[in-house]
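Enquirer: What follows is each chain in one-letter form.
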Amino acid sequence: MDGSQDALSLVLFSGTDDKLTAAAVLAVGAAAMERKVDILLQYWALDAFRADRILKDHGVAPEAGPEGAAIVQRHGGQHWSETLRQAKAIGDVAIHACSLSMEVLGLARDDLDLLVDDVEGVAAFMAEATGPLTFI
Amino acid sequence: MDGSQDALSLVLFSGTDDKLTAAAVLAVGAAAMERKVDILLQYWALDAFRADRILKDHGVAPEAGPEGAAIVQRHGGQHWSETLRQAKAIGDVAIHACSLSMEVLGLARDDLDLLVDDVEGVAAFMAEATGPLTFI
Amino acid sequence: MDGSQDALSLVLFSGTDDKLTAAAVLAVGAAAMERKVDILLQYWALDAFRADRILKDHGVAPEAGPEGAAIVQRHGGQHWSETLRQAKAIGDVAIHACSLSMEVLGLARDDLDLLVDDVEGVAAFMAEATGPLTFI
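These protein sequence lines are chains H, W and R, in that order.
Just so you know, we're using our numbering here: the first sequence kicks off at 218 and counts up by one.
Just so you know, we're using our numbering here: the second sequence kicks off at 218 and counts up by one.
Just so you know, we're using our numbering here: the third sequence kicks off at 218 and counts up by one.
There could be a bad hint or two in this list.
[Unchecked claim] Just so you have them, the derived chain W footprint on chain H, three or more residues with Cβ under 8 Å:
#	stretch
1	247-258
2	282-294
3	345-352
[Claimed, not checked] The following label-pair restraints were derived from C-beta to C-beta distances:
#	chain 1	residue 1	chain 2	residue 2	range
4	W	Ala268	H	His292	20 to 26 Å
5	W	Gly338	R	Ser298	38 to 44 Å
6	W	Gly338	R	Ala340	30 to 36 Å
7	R	Gly294	W	Gly338	37 to 43 Å
8	W	Ala341	H	Ser298	37 to 43 Å
9	R	Gly323	W	Met250	26 to 32 Å
10	W	Leu331	H	Arg326	49 to 55 Å
11	H	Met250	W	Gln295	33 to 39 Å
12	H	Asp274	R	Glu345	40 to 46 Å
[Unchecked claim] Residues of chain H clear of chain W, computed beta-carbon distances all greater than 12 Å:
#	residue
13	Arg270
14	Asp327
15	Leu332
For the record, the hints were derived by calculation from the structure and aren't laboratory data.
Computed from a prediction, not measured in an experiment: that's the story for all the values here.
Yeah, the Cβ is synthetic: ideal placement off N, Cα and C, and Gly gets one too.
Construct all of the structure, not just a fragment, from the sequences and the given hints.
Expert: Below you can see the structure in the form of structure tokens.
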């Protein structure tokens, strides 16, 4: 398979646990198919990768309502950070922090979980991540 | 036209009526252009396809505010489920329920509207849906 | 570079300042790489381009919370409309208002900022915007 043709390039913006779980499942699915995966973390998704709170409750999309939130929490299941760890173990998966979002949120490299590989700008990401962009 | 090249692969996550309408319009547009369309329903989008409430009010994005919600409701127009029915009638459009989301929400196949063709995992969807992923 | 192959086709749905900033940065990055960029404005993103309020506060994603909203506002930085103006100055960037959303929101062409090039339907957009769709 031609990796560059089938690369999955995810721009993660949202930081709720339901969306991050959906994103992680797409990433591990693509990694299992030997597709290259590049992930850019922006805004609230980046905030969710802070080392001191990655495993904390990040809520769910507002539309879930209290009932939906309770259903997701009750289900439990594997945490999205663990799914991403698996994706990195089985495939070519890189996770980048967006430099502009780092600046907006006032974060330094050391504030982030070790899942994050580096900090880069959008232009560098777009040059490196050769697949179509999927914004989540 | 090469269907596999131009396939539209939609991952629907949000279940509000405004986003589902936007998604349905993209699907019917692609179907009319003879593009293959695959739709994967996750979380709140899946919940919106429950047979007993597909036509009920699913709200709009929170940012709409009360004024925006009222404007959308006043406009009326064709329901997104009817637009998807048309898309399926004119083109090669398949709607899949994500098996993981089925489990999280505690849903069985019989709980879903007949617009849904089958239940499948993300890996199967990614193998079948050959187009770039659009997450809505 | 083959422009049609690498075109960036953004469907903007959300109208909060954080998402519009993320979208504008992707657009200017692609324009700088000489990629063709087509943007379709729907619903709340379209509403944000009203001439009389484009520079007003459009809020941030609900998940930001009051703390996140304050952080974004404190940061300041270049407004997304200015970033889009730059993108149009340096590259082949077209901004289209979705005709269906114009009708839903009761807007006329004159209500919109001059950044918007024209009003068109989804079918026309999909015919013109040859790149994979990124929904924001």
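Enquirer: Indicate, hint by hint, whether the structure satisfies it.
Expert: Verification of the supplied hints:
no., hint, result
1, 247-258, "holds (count 3)"
2, 282-294, "holds (count 5)"
3, 345-352, "holds (count 4)"
4, W:Ala268 with H:His292: 20 to 26 Å, "holds, 22 Å"
5, W:Gly338 with R:Ser298: 38 to 44 Å, "holds, 42 Å"
6, W:Gly338 with R:Ala340: 30 to 36 Å, "holds, 32 Å"
7, R:Gly294 with W:Gly338: 37 to 43 Å, "holds, 41 Å"
8, W:Ala341 with H:Ser298: 37 to 43 Å, "violated, 24 Å"
9, R:Gly323 with W:Met250: 26 to 32 Å, "holds, 29 Å"
10, W:Leu331 with H:Arg326: 49 to 55 Å, "holds, 51 Å"
11, H:Met250 with W:Gln295: 33 to 39 Å, "holds, 37 Å"
12, H:Asp274 with R:Glu345: 40 to 46 Å, "holds, 43 Å"
13, Arg270, "holds, 22 Å"
14, Asp327, "holds, 30 Å"
15, Leu332, "holds, 20 Å"
Taken one by one, the earlier hints fail for this structure only at number 8.
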